[in-house]
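Chains as they are written, first to last, in this note's numbering: chain A, 1 to 238; chain B, 1 to 117.
A couple of the hints might just be wrong.
Restraint-style ranges between C-beta atoms, simulated for each label pair [unchecked claim]:
{"#": "1", "chain 1": "A", "residue 1": "M190", "chain 2": "B", "residue 2": "S104", "range": "52 to 62 Å"}
{"#": "2", "chain 1": "B", "residue 1": "Y11", "chain 2": "A", "residue 2": "L160", "range": "38 to 48 Å"}
{"#": "3", "chain 1": "A", "residue 1": "K98", "chain 2": "B", "residue 2": "S104", "range": "54 to 64 Å"}
{"#": "4", "chain 1": "A", "residue 1": "L118", "chain 2": "B", "residue 2": "I109", "range": "28 to 38 Å"}
{"#": "5", "chain 1": "A", "residue 1": "F148", "chain 2": "B", "residue 2": "K13", "range": "25 to 35 Å"}
{"#": "6", "chain 1": "B", "residue 1": "K13", "chain 2": "A", "residue 2": "Q227", "range": "32 to 42 Å"}
Only pairs whose alpha carbons sit at most 25 Å apart, straight line, appear in this in silico BS3-like list of lysine-lysine [stated by the list, open to error]:
{"#": "7", "chain 1": "A", "residue 1": "K173", "chain 2": "B", "residue 2": "K60"}
{"#": "8", "chain 1": "B", "residue 1": "K83", "chain 2": "B", "residue 2": "K60"}
{"#": "9", "chain 1": "A", "residue 1": "K98", "chain 2": "B", "residue 2": "K60"}
{"#": "10", "chain 1": "A", "residue 1": "K98", "chain 2": "A", "residue 2": "K204"}
{"#": "11", "chain 1": "A", "residue 1": "K99", "chain 2": "B", "residue 2": "K38"}
{"#": "12", "chain 1": "A", "residue 1": "K204", "chain 2": "A", "residue 2": "K136"}
{"#": "13", "chain 1": "B", "residue 1": "K38", "chain 2": "B", "residue 2": "K80"}
{"#": "14", "chain 1": "B", "residue 1": "K80", "chain 2": "A", "residue 2": "K173"}
{"#": "15", "chain 1": "A", "residue 1": "K173", "chain 2": "B", "residue 2": "K28"}
{"#": "16", "chain 1": "B", "residue 1": "K60", "chain 2": "B", "residue 2": "K38"}
{"#": "17", "chain 1": "A", "residue 1": "K98", "chain 2": "B", "residue 2": "K38"}
{"#": "18", "chain 1": "A", "residue 1": "K13", "chain 2": "A", "residue 2": "K173"}
{"#": "19", "chain 1": "B", "residue 1": "K108", "chain 2": "B", "residue 2": "K60"}
{"#": "20", "chain 1": "A", "residue 1": "K99", "chain 2": "B", "residue 2": "K60"}
{"#": "21", "chain 1": "B", "residue 1": "K83", "chain 2": "A", "residue 2": "K99"}
{"#": "22", "chain 1": "B", "residue 1": "K38", "chain 2": "B", "residue 2": "K108"}
{"#": "23", "chain 1": "B", "residue 1": "K83", "chain 2": "B", "residue 2": "K13"}
{"#": "24", "chain 1": "B", "residue 1": "K60", "chain 2": "A", "residue 2": "K21"}
{"#": "25", "chain 1": "B", "residue 1": "K13", "chain 2": "A", "residue 2": "K2"}
{"#": "26", "chain 1": "B", "residue 1": "K28", "chain 2": "A", "residue 2": "K105"}
{"#": "27", "chain 1": "B", "residue 1": "K38", "chain 2": "A", "residue 2": "K2"}
{"#": "28", "chain 1": "A", "residue 1": "K173", "chain 2": "B", "residue 2": "K83"}
{"#": "29", "chain 1": "B", "residue 1": "K38", "chain 2": "B", "residue 2": "K28"}
{"#": "30", "chain 1": "B", "residue 1": "K13", "chain 2": "B", "residue 2": "K28"}
{"#": "31", "chain 1": "B", "residue 1": "K108", "chain 2": "B", "residue 2": "K28"}
{"#": "32", "chain 1": "B", "residue 1": "K108", "chain 2": "B", "residue 2": "K80"}
{"#": "33", "chain 1": "B", "residue 1": "K108", "chain 2": "B", "residue 2": "K83"}
{"#": "34", "chain 1": "A", "residue 1": "K13", "chain 2": "B", "residue 2": "K80"}
{"#": "35", "chain 1": "A", "residue 1": "K21", "chain 2": "B", "residue 2": "K80"}
It is worth saying that the hints were derived from the structure and are not from the lab.
The C-beta atom is built at its ideal place from N, Cα and C for all residues, glycine as well.
These are the residues of each chain, in order.
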Amino acid sequence: MKLTTEQVDLISKEIIEGGIKYQDLYEELLDHYILAIEDRISHGQTFGEAFEEVHTDFINYKRPLSVWDRYDSGGKPKFGLVKLQDEYQDNLTEEISKKHWQIMKNYFRWPTIVTSLLVGLLTFQFAYLVPRQYFKWVIAICVFAPIFLVLPQFIYALWLYISRRRRFFISLKGHAINLRLTFILGIGQMVFRVPFSDNYSILKQGPLSLVAAITCFYIAYSLSFYQLYRERFKVNRA
Amino acid sequence: MYICSMQQQTYLKGCLSAIVLQLLQDNKRMYGYEITQKVREITAGELQLTEGALYPTLHKLEAEGVLSTENSLVDGRNRKYYKLTETGHQQAQSAVSELTDFVSNLQKILNLKPSLG
């Protein structure tokens, strides 16, 4: 038996009140609740009984204690939907970060290292041949290319959110992308303006070899982000 | 009707990843609720995965790149399907063979008869 709109709204409200704030997890939980409740109703339970049973299974979920929790919550075990979300978020962020650095490290393994060395050598050569301001543009392109890459997906999500076709703007994967982008923007800012120094810029006054090395890092970071995005962030639709 | 004993739940927790990987190897792609129902169907209701244990396992395997996901629109809502990645296929084989070895060793221990004379 299909649930009524009011019943679905009630489930949705409970999930949101449980602390869920990411669209992908919200959709997954809502679908599970609806299916599980419909199934139980077809076996003779009332909506209330079925909801209670399904909800209890989720809210009784105890997240394993992590080291950070000792500082966060005084070492108390955590329960409920929001804890399921916290664990998912921690796992995803950690694994995505690990994967990103792994892709970067692969640039220094055989046979990719040959291409990396060639790009590195060319950059060092160019550092002495072309004016410094060109490196500013290369770094700016490398910093902003990942942003432009994910922009269509973000605009689409925003459009769905504004047109009320999704409950939340951000998804867990979107959150993980944000963290990666914040990192590159953060260190990008440091290259253009060294913290605590008003009149020193690595690009303007720093040694040329350092400028070339930084440029190489940004090229590698930008390319690895593209690879990571293709492998892990693209939402597949069947 | 949907509950199996606490002891069984404890045993299940330890081998949940292997169960999920094996089911996905056999069924190409599955969604969360479908996995719980499949386990129930195969074991004739003897075992029931709790949602609170299943989803963290699925999410962990997804984060590790063992599973990939795809969304399909069903009844006007998005359904998230899980399927094995290339790494996932390899991991599924090793996880299942490890679990089989473990169960067979366990059986040897449980079948031991006291031989003290």
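Are K38/B and K80/B close enough, with their CA atoms no more than 25 Å apart?
Roughly 16 Å between the alpha carbons, so the hint for K38/B and K80/B holds.
Hint consistency between K108/B and K60/B [alpha-carbon to alpha-carbon, up to 25 Å]
Cα-Cα ~32 Å, so violated.
Is the Cα-Cα distance between K98/A and K38/B 25 Å or less?
Violated, at roughly 33 Å.
Going straight from one Cα to the other, do K108/B and K83/B come out at no more than 25 Å?
Measuring from Cα to Cα gives roughly 34 Å; hence the hint is violated.
For the pair supplied as a hint, K80/B and K173/A, is the alpha-carbon distance within the 25 Å limit?
14 Å, holds
Given the hinted pair K28/B and K105/A, is their Cα-Cα distance within 25 Å?
32 Å, violated
Is the distance from the Cβ of Y11/B to the Cβ of L160/A consistent with 38 to 48 Å?
43 Å, holds
With respect to the beta-carbon atoms only, verify the hint that K98/A and S104/B lie 54 to 64 Å apart.
Distance hint for K98/A, S104/B is violated at roughly 34 Å.
Within a Cα-Cα threshold of 25 Å, do K60/B and K38/B meet the stated pairing?
20 Å, holds
With the threshold set at 25 Å, check whether the alpha-carbon distance from K98/A to K60/B stays at or below it.
14 Å, holds
Are the Cα positions of K21/A and K80/B separated by 25 Å at most?
17 Å, holds
Holds or violated: K60/B to K21/A, with C-alpha atoms at most 25 Å apart
Roughly 19 Å between the alpha carbons, so the hint for K60/B and K21/A holds.
Consistency with the previously given hints fails for numbers 3, 4, 5, 10, 11, 17, 19, 22, 25, 26, 31, 32, 33, ordered from lowest to highest.
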